[in-house]
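S.K.: Sequence:
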Amino acid sequence: MEATDFTRFMEVPLEVEAVVEGPRLRVRELLALRVGSVIETSRLAGENVDVVAGKTLLGVGELTASRGKAIVRVLRFRGEE
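With positions in the sequence shown counted from 1, the corresponding number in my numbering is that position plus 136.
These are calculated hints, taken from the structure and not from any lab test.
Beta carbons are placed, not taken as given, at the ideal position from N, Cα and C, and that holds for glycine.
There's no promise every hint is true.
Claimed, not checked - Estimated spans, in silico, between C-beta atoms of each pair:
1. Val171 / Ser202: 14 to 22 Å
2. Lys205 / Ala168: 32 to 40 Å
3. Leu169 / Met146: 32 to 40 Å
4. Thr192 / Arg144: 29 to 37 Å
5. Val210 / Val163: 32 to 40 Å
6. Ser202 / Glu151: 15 to 23 Å
7. Leu167 / Thr140: 42 to 50 Å
Hey, can you work out the whole structure from these sequences and the hints?
M.R.: Here it is as structure tokens:
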């Protein structure tokens with residue numbers, strides 16, 4: 137079996153998301169959101185979240201904070217134990 141060369145795909149941008157459940161918002165509440173708006177979630181710092189790209193689960197991350205920003209630290213990738 138021949139090895140595949142993925143070099144040409146290395147610069148393709150791909151959106152990655154951390155899935156954090158939040159509240160259900162009414163349309164008027166959604167339209168009222170502005171930069172700096174806060175949406176509360178039931179998740180706490182230190183809890184795990186799914187890391188997804190293109191609707192495919194990549195792995196698991198942990199909610200945390202760094203330099204005043206909420207971040208997700210990747211703990212493991214799918215298939216790793």
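S.K.: Hint by hint, say whether it matches the structure.
M.R.: Outcome of the hint check:
1. Val171 / Ser202: 14 to 22 Å: Roughly 20 Å apart at Cβ, these two residues keep to the hinted range, so it holds.
2. Lys205 / Ala168: 32 to 40 Å: violated, 23 Å
3. Leu169 / Met146: 32 to 40 Å: Check passed, 35 Å falls within 32 to 40 Å.
4. Thr192 / Arg144: 29 to 37 Å: violated, 20 Å
5. Val210 / Val163: 32 to 40 Å: holds, 34 Å
6. Ser202 / Glu151: 15 to 23 Å: holds, 21 Å
7. Leu167 / Thr140: 42 to 50 Å: holds, 46 Å
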